[in-house]
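Colleague: As a plain string of letters, each chain reads:
2 protein chains.
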Amino acid sequence: MAVTDTVTGVEVHDVRFPTSRELTGSDAMNPDPDYSAAYVVLRTAAGGRGHGLCFTIGRGNDVVCAAVRALAPYVTGRPAPATAADLAALHRDLTHDSQLRWLGPEKGVAHMAAGALVNAAWDLAATGAGLPVWAFLAAMSPEDLVSLVDFRYLSDALTPDDALAILRAAEPGRAARAARLKAEGYPAYTTSPGWLGHDDATLVRLARQAVADGFRQIKLKVGADLDDDLRRLRLARETVGPGVRIAVDANQRWDVADAVRWMTELAPYEPYWIEEPTSPDDVLGHAAVRSGQPVRVATGEHAANRVVFKQLLQAGAVDFVQIDAARVAGVNENVAILLLAAKYGVPVCPHAGGVGLCELVQHLAMFDYVAVSGTRRDRVIEYVDHLHEHFTDPAVVTGGRYRAPTAPGFSARMKPLSVAAYRFPDGPVWRAGPDGDPDLDPGLDPEPDPTGGQEVPE
Amino acid sequence: MAVTDTVTGVEVHDVRFPTSRELTGSDAMNPDPDYSAAYVVLRTAAGGRGHGLCFTIGRGNDVVCAAVRALAPYVTGRPAPATAADLAALHRDLTHDSQLRWLGPEKGVAHMAAGALVNAAWDLAATGAGLPVWAFLAAMSPEDLVSLVDFRYLSDALTPDDALAILRAAEPGRAARAARLKAEGYPAYTTSPGWLGHDDATLVRLARQAVADGFRQIKLKVGADLDDDLRRLRLARETVGPGVRIAVDANQRWDVADAVRWMTELAPYEPYWIEEPTSPDDVLGHAAVRSGQPVRVATGEHAANRVVFKQLLQAGAVDFVQIDAARVAGVNENVAILLLAAKYGVPVCPHAGGVGLCELVQHLAMFDYVAVSGTRRDRVIEYVDHLHEHFTDPAVVTGGRYRAPTAPGFSARMKPLSVAAYRFPDGPVWRAGPDGDPDLDPGLDPEPDPTGGQEVPE
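Chains as they are written, first to last, in the numbering used here: chain A, 2 to 459; chain B, 2 to 459.
Any given hint might turn out to be false.
The list treats identical chains as one, so a pair stands whether inside a single copy or across any two.
[As the list claims (entries may be wrong)] Cut-off 25 Å, straight-line C-alpha distance, at most; resulting in silico cross-link-like pairs (SDA-like, lysine to any residue):
#1 344 <-> 288
#2 344 <-> 172
#3 344 <-> 259
To be clear, the hints were calculated from the coordinates, so they are not data collected in a lab.
Isolated chain A (complex conformation):
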């Protein structure tokens, strides 16, 4: 008889990187982000650990930590999740507590916190199985995968039978696709050239570098000033030539008419998609933008939950579905979204960047290829080359492609030294201030103190 392991505690750490000091990550709506994570560690009696995170851009990261603590009692004390059934039950408990549900329902801080915990449980379970999450998912039967999904509010667009049919159709080719994935990787695009904070010379230099590095798609932030955008897009197009895709991203800056007018102006430079043209809640607005101008529409990094994705697909509002690993309620809800996209035949091109989002979301795109959509056609994962050094199993992109993770788990574990150094507000980087020398070495534990994080007792 198997000995049951138990979750003995949940830690949550408020980790913030002072990225606003360099304007990395600046766009039309987010001029000075401090890329941050509400970083979660589950611990089990047998010494297992599961790591997850919620990405934020600074202020308010503490609110997400508070939400994690409010949800922690649903995790602490339960058997360590190991199977599809365990992970489905945990996801359900975290999203359907009748009192906590009032805080969303299924959106915003409470939902993001649930996602961090669900993802930490997936890290724990996949680590226990000795598989990276993409392979752990791709090893599950179609029936187990269907059991992960909460179909509430989806049945007018996707039923369990629909989902089963999609997964069964993809089952025969799984092994061959997994082998190709390991050999070839998964296409990436890079946003590094296109931040609004870059001057033109930097844009040109980084665009040229991106092509040299093997990327076939780059992305530019737009939306603050039309003349600037026209000039920057022209420069980028001249630099990369006609064969490299240039996506543009307005980060929700526009109303519908603004988006139509602006993109009509930019269209001659052949942007590959316009991302987040308007409010992420505005399904009908995205549909109007899509029909009102010639550039394809992408959105999803801020879509609150599967119900919003369902409607974007039902309304024909999007050409690309941009899942985010850490905004919805974790792997389970993203499996639902992958299945919805497959049902409607819309490619999934994940959002990444931030802190740890590349590490997490690569697993979901790779699972989609191996076991859901069965294709990489028109699909590409965002890549931003920063902050990976803080992870023990960082995303690896070479030749413009994500390489399939081989280490067990979700690639979500941060280095203990990084957690200690960047903990807000008391870590040495923050104590030292913008001009100080954080003097990172002395006095830092090589492993984080299990009780030093804000541990929630059993």
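With chain A fixed as given, assemble chain B onto it according to the hints.
Modeller: For chain B alone, kept in the frame of chain A given last:
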């Protein structure tokens, strides 16, 4: 020259009422709510106070308190809001901080917390003007009212010019309508008979009582069991007769097909509306429910923001717009929603109940009558007769009508003794446990300790 008052601090109190002990408030999705409030008090240097709250149903109320604390620095230290311009600026700062916006955007915990602070500022400003909030709003010029609204993402449905035209059209009749409002009040309906936790005898008794009390509309919770709902609706209809409206409320229980099937079955008993048939995020789902069965559709208490309301109206998804005073970002966003509803000619029937929602939302419906829609036709405010005793200026409903508040402010001030007694987890009611005698009198301050609340320093 006027002396400028300054906001010196923000308190937030986690106040919870153990309503789950009596099953008051039970419905198909919320079996055991503990009606709660993240209760906010602004204090000014000149001794002014502004009161606001966010309603929750128990667990997670602390997370909203954490969000209020994260937002408090935007309030503390600024001039005490007094004018439309001040209130517009505060609303903008609380909803458009570039880092905090990531937590929503404009939804969930962070947005609700912003709403509590915005509403507290309205309480402060109206109190300073010596007017109840409904009259304070109704005394503003159309131009000032338009200036309160954040039109971002609205312009495809409502422009500032549209809003100005609506408000100017209603301006000539304001004084006459205010006089009628003071004389006649505003129609109410009661949900007290219809909680799922009531047995049939209680349902019949309370329905009969409601009619005797002058209500022309009652509401029943449905959605857990169709046979039960058929029996309860039949009993209610037999009790109140054909001339009294019976609304039904599924509290988001169904998928689209369930809602269509269920309401087709209930239709012979002539329910007046079906409220929250499905996910509050599902604009297209509500449109499908509306077109798929004969009963009118109402929703809005959980609609996250003005963008969702905009789409519900654009899609023809609702017959009634149910604003909530404490889910969106306060008075300013509700003015936007009232204007959207007026533009589309859809009546606003506010959600209330909970803790303090009747007190707050009555002001918005009365303002709508006096200065926006100009009519009470097909309009009615929800009323639930509990927890009003904890407010210093409780909502007054007599003869089935809300009486227009006359005291200055937003009716949002809780009695200090109630705040102290029900504070979670350390108030005497919670310390005593379900069977204990809280022994409320000894040791409680008659006024809350200004530093005893979780005060956020300047």
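Colleague: Evaluate each hint against the coordinates.
Modeller: Right, here's what the structure says about each hint:
Proximity of residue 344 to residue 288 under the C-alpha cut-off of 25 Å is found in both arrangements, the shortest distances being 18 Å within a copy and 22 Å between copies. In this assembly of identical chains, residue 344 and residue 172 lie within 25 Å of each other by CA distance solely inside one copy; the values are 16 Å within and 52 Å between copies. For the identical chains of this complex, residue 344 and residue 259 are inter-copy neighbours only, at 22 Å across copies versus 31 Å inside a copy, given an alpha-carbon limit of 25 Å.
When each numbered hint is compared with the structure, no violation occurs for any of them.
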